[in-house]
Amino acid sequence: MSRIGVFICHCGENIARTVDCGAVADALRDHPGVTVATDYKYMCSDPGQQLIKKAIEDNALTGVVVCACSPHMHEKTFRRAAAQAGLNPFVVEMANIREHCSWIHDDREQATAKAIDTARTIVEKVKHNRPLQTIRIPVTRRALVIGGGIAGIQAALDIADGGHEVVLVEKDPSIGGHMSQLSETFPTLDCSQCILTPRMVEAYQHPRIKLYTWSEVEKVDGYIGNFSVTIRKKARSVDEDLCNGCGDCQAACPSRRIASEFDAGLSRRTAIYTPFPQAVPNIPVLDREHCTLFKGRRKGLAKDACGTCKETCLKGAIDYDGEDTFVTEEVGAIVVATGFQLYDIGREQPEGLKGYGEYGYGDVPDVIDGLQFERLASASGPAGGKMRRPSDGAEPKTVVFVKCVGSRDPEKGMSYCSKICCMYTAKHTMLYKHKVPDGRAVVFYMDIRAAGKGYDEFSRRAIEEDGAEYIRGRVSRIFRDGDKVKVWGYDTLSNRQVVVDADMVVLATAVRPQPGIAELAQKLSVSYDQDGFLNEAHPKLRPVETNTAGIYLAGACQAPRDIPESVAMAGATAAKVLGLFSADELERDPSVALVNERTCSGCFNCERVCPYGAIERRDVCDMEGHVCGHVAYVNPGVCQGCGTCVAVCPSKSVELAGFTDDQVYAEINALAGW
Amino acid sequence: MNVALIGDAGGGRRSVRSTDGATTEGNVPRVEEGATTLIDHRPAMPEPLAAYVRRTANINVARCYQCGKCSAGCPMGPEMALPPHDIMRLTLADDRARLFAGDSLWLCLTCETCSARCPKDVDPARVIDALRELAAAEGAGHAPRNVRAFHEAFLEQIRATGRLSEVGLILQYKLRSGALLQDVAVAPAMLRRGKLPLRPQHIAGAGEVKHIMAVCERERAHSAGAAPTAGASARRDER
Amino acid sequence: MSEAAITDRDRAIFEPRITAFVCNWCTYTGADLAGTSRLPMASNVRIIRLPCTGRIDHLFVVKAFERGADGVIVSGCHPADCHYTAGNYHARRRFGVFRELLSFLGVDPRRLTFSWVSASEGAKWADVVNETVARVRELGPFDTYHRLADASAADGDPFAALEAAAPGAAPQAAGNDAALEATVGRSAR
Amino acid sequence: MTLAYYPGCSMHGTSREYEESLLAVAAALDVGLTEIDDWSCCGASSAHVADHLLGVALPARNLALAEAQGADRVLAPCAACYNRLSGAVHAVAEEPGMAARVPEVLERPFANTVRVLSIVELLQGLAPVIEERVAARLEPNPLEHLNVAAYWGCLLVRPAEITGFDDAERPTGMDDVISACAANPVRWNMAVECCGGAFSVSRTSSVLRLSRAIIDDARRCGADAILAACPLCHANLDFRQGAMSLRGEPPMPVLYITQLVGLALGLPMSSLGFERHFVDTQPLFAHLAREADKAAAAAAERAAAKAAKAAAKAGAS
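These protein sequence lines are chains A, B, C and D, in that order.
Under numbering that gives the first Met the number 0, the residue at position 526 of the first sequence is numbered 525, and the numbers go up by one with no gaps.
Under numbering that gives the first Met the number 0, the residue at position 154 of the second sequence is numbered 153, and the numbers go up by one with no gaps.
Under numbering that gives the first Met the number 0, the residue at position 169 of the third sequence is numbered 168, and the numbers go up by one with no gaps.
Under numbering that gives the first Met the number 0, the residue at position 62 of the fourth sequence is numbered 61, and the numbers go up by one with no gaps.
Worth double-checking, as some hints may not be accurate.
[Stated by the list, open to error] Ranges of calculated distance between the beta carbons of each label pair, as one might list FRET restraints:
(1) Ala393/A - Gln281/D: 40 to 50 Å
(2) Glu78/B - Gly96/D: 27 to 37 Å
(3) Tyr632/A - Asp80/C: 25 to 35 Å
(4) Asp120/B - Asp71/D: 55 to 65 Å
These are calculated hints, taken from the structure and not from any lab test.
Note that the structure is a prediction, hence the values are computed from the model and not measured.
Glycine included, C-beta positions come from ideal geometry on N, C-alpha and C.
Starting from the given sequences, assemble the full structure and let the hints guide the process.
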């Protein structure tokens, strides 16, 4: 027999004005199962809470109903109070007679009647409340960071410096990401590699950072605090322990005509290569797709067509027969920092995008994109930092920069603004003018979006000090005209068509998520938007979290981001991870689903509807211990307690703690005959 | 106030019932047979151009963000006082005066380059067509004499014979444009090459064509170049 | 008394009893907002709070009607705003089907309101409440099941009772089979 | 294969050679063309300016006729007609009310079942056949030395939702046909730029400016001739070329795509109507002949040298 205490709050005049709290107390006092019912001016005040605690102790209450404001307001308060009086907090419920009653009704009689009904329903519910224990989940205090660009490096360093192990996975041969390709960075024009390289080395040498380059995330199991990640180590063909990075193999490699990814196709590399001199680790990778030996093997040649690198390697580090290997890492949190790619606007468009035939990219060698320009401008670039155009190596005297190529273009490209182009184009004009003072830098733009500390000043400087010619209008066509590149544009401010005979054209192409982001998102069960960017849990209040607990986002995988933002996000994810790791157990609200394995028919409707993948399949064994079927099991670590599985269970074998069928029906029944 | 005017075959005076229930009397042009099917959407106040374009062509001109890509590629751009992006802007600004003042609308070749490259799918070519219809219907358009003459001559030819006799076209055009001496030198050359059949072809369906043109004309005249059917492209659902 | 026969007098004295099943994150909070904004509304609604519309079982609704509710409101987050990412979609799908079932059960579907009310839509909540109350007031009290119970208690013909009370009642059917047929037929329409 | 055939007005007038060469080529490739009986003008460059409905109704009448005459596909060689006809198909299919309104206006049944074919689609489809025939011809094909700039103009590629059988910015269909003829497609820039179209008569100055730019670019990109598939474009580029001050540059011949195919198939010159052009095509053919002879001579020389070498070898041993 339950002994329930009902406490009616006046909330000063807020409730008492329209609800006769005394009457409510009287009505509830006679309600079966209610031991005490009393009203008080401010139930949430300290004396109010004391009153409740005392009542609990005096009457050995089994449940408490506080008729006051919204549970969103004070449920925690009263549950804490009850706990202090030795009562399980989860048998305390609130009846909302303020927001849902006194504040929206003026007829005292009706309001009072409604308040009584509401109180009764909650009392009936509480009769069926069971004491619950807060769920405690063990936390593996190691983190996985996916992506070794500036965001990933920063996140890894911050977490590692915070005292926890980090596994850093990079798909390329070296960490560094796009930032390592950049020449100088806005708005300070400091050399990108000068500020990045030390961080790369630091990450490489950090005692608590375990680095997997030339590796990809294959599989992710588990849940917050307890992820188990399988990593594919792509066959490198070079023994990382033996190799001393002397570079002899590269010098010897006969196939030297492969387009360099690092130089965005502007230079050539060998089949066995380190992408760039400052690569971390400084250990080459054998590109089996282009390697003569492996081409031969694919053709099925009897003997190997080449083997030069193996012959040259004094350390005997080269191994042609190594295959991809898999390692499994146990981690408690995951930071996704996979970064971006540029929209390749050439004619061939895999994903049903239209591309820009009118811009001649891919056909006219002197029409390049932003990253290619970075390489041209970079001291470590193919032209050693001298302005040389790709076609004939001549110094371009007129360079046209076109912004918003593929951005803000719902018809042929992306509807969103790529955000970084305005700034890096301003930077490009400066870099160009500094290298070719007598040259012309012409920029076609729609708007200059330079919101950020020192950003507008920077872009104005490009115009006012360095003499970049900004023309407001989009470009209609770009085509080769002898050794010039013709650009048909329009100046919407002086209302005239503008035709420029350029020596080189730089297209600020749209920022897009990395290819394969969708597959990764599915492995992580993280949602992504129509453009493929990963979704944050809340656009304002949870910008670096995802809907999957324990997985966080840093940098351009979430939206176009510049370096400062990426680094800031990385720091934020590190803070979240360190917070999660601050205790070796994780506390969770116990209102989660629970399966009755005796009645579960194993239809797994629940598995289909669960948004969190919290449902697992458990074997059922017969007497001899042979598996004879499966039943559902809810992982309390993953379950968020929405109860969708409960509603779809045909055999009513799932219950949601705190909202069981018993409780809800009790409420419904309580409303009978009001 | 959007007024629906339900016509009876007789024409003359008839009651104008507005959507807000008010009833007024108004004079409307006489309509011939078949006109009862027509419903006049002519507003009491001149309808804002953007609204007109949206209603007739189902294009939301507000989508235009004035990037100028249309004008950049427009073959007639250099000759237009108002290149395409200005036309979009003035349509949005509802500036009939400036829009209909010059001959820009009539210099559009409908080569569709602008529409093909518009990042916002505003389809300037179609907007300009719609505006020309309106201008013509309101007598507001100042088509250059030559251009107007050409179009008139062209349609005149079809009305007359159901097909276009190029000789007839040229003659008609010369009379209308007054450009009597233009290209006279080439006629003999044309003839020599057998490119000018002097006798216009007559077809059985000539009458039928004439009738089709009559119906369309009436419909336009009767609805300010804004027949409900006029070109709402289902493809271009508002995004 | 078949619903068709409700007199204005009945409506005047009749106060509908509405049970509302709402999700904790959007609609319940929206209702809170209606309160903090002091938006007056009909007092006929009793709210039952659940974590998510996805948790709402049809049988809750049926039960509510059985226990004497004249109308039911089911309300949650807008599509795509679900606190649990997808619960409300499942709910929407289920209730689409459920409406059909309702009329089969002899309940006029107009007695069930299914709506999206976000945490910021206090005013909308007030509208949903007032509209539902007005609609149900028009429809009159829902007492089919009571008379069903009475009838069966009095060893009468339950189906006939259901028949008599159900909306758009088919010609009074004699005998279970005929009545059953009529009922099934109606649900099929 | 038999197609309904919509000539359009200019095919019987200013572009007679287009029709002549088309019929010749069609016959050679066993494509039956049945002219739509009692066809009328599609309203081409003027109707849509005056009135959208008229711009749909006029071409629709011809589609209705074709339908009634049991056709499922109609060939519209004139690019303007093609654009108008398939524009009507699109409008009736897509625009609310049109499907109902058009038959009312036409006072004819119209189910919108006919597919409109452009000349390029047709010939591109036949390219393999053409290639075969060309390869089968014994005498060295002079076209091997012909560099052609394929000129599409507007009406075959825009608007994409109406035409759309090829890329709107960089179409390739005509190049396929050129290659099939063993000629060399030139990579140039003006393939889809406008020639001034309908202003040929009413605003000649603009047409001269635009067409001039096209011809200049073709020349700069090394074209011996421009290939057209549109009477309007042809008139502007060929007939108006005389009026352009070409600064002593040699005139640029403008061929119809069907004429090129006719040449490739070795059809009698007389059937292709080159004499109707304003820009004389004889110099071009002379040039091609010379190139062919040169090539032949070179080949002979090589053969001789080879033989000599062989002989020497034989002598030595």
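| task | May I ask which of the numbered hints given earlier this structure violates, with the numbers listed in increasing order? | result | Going through the list in order, the structure violates hint 4 alone and respects the others.
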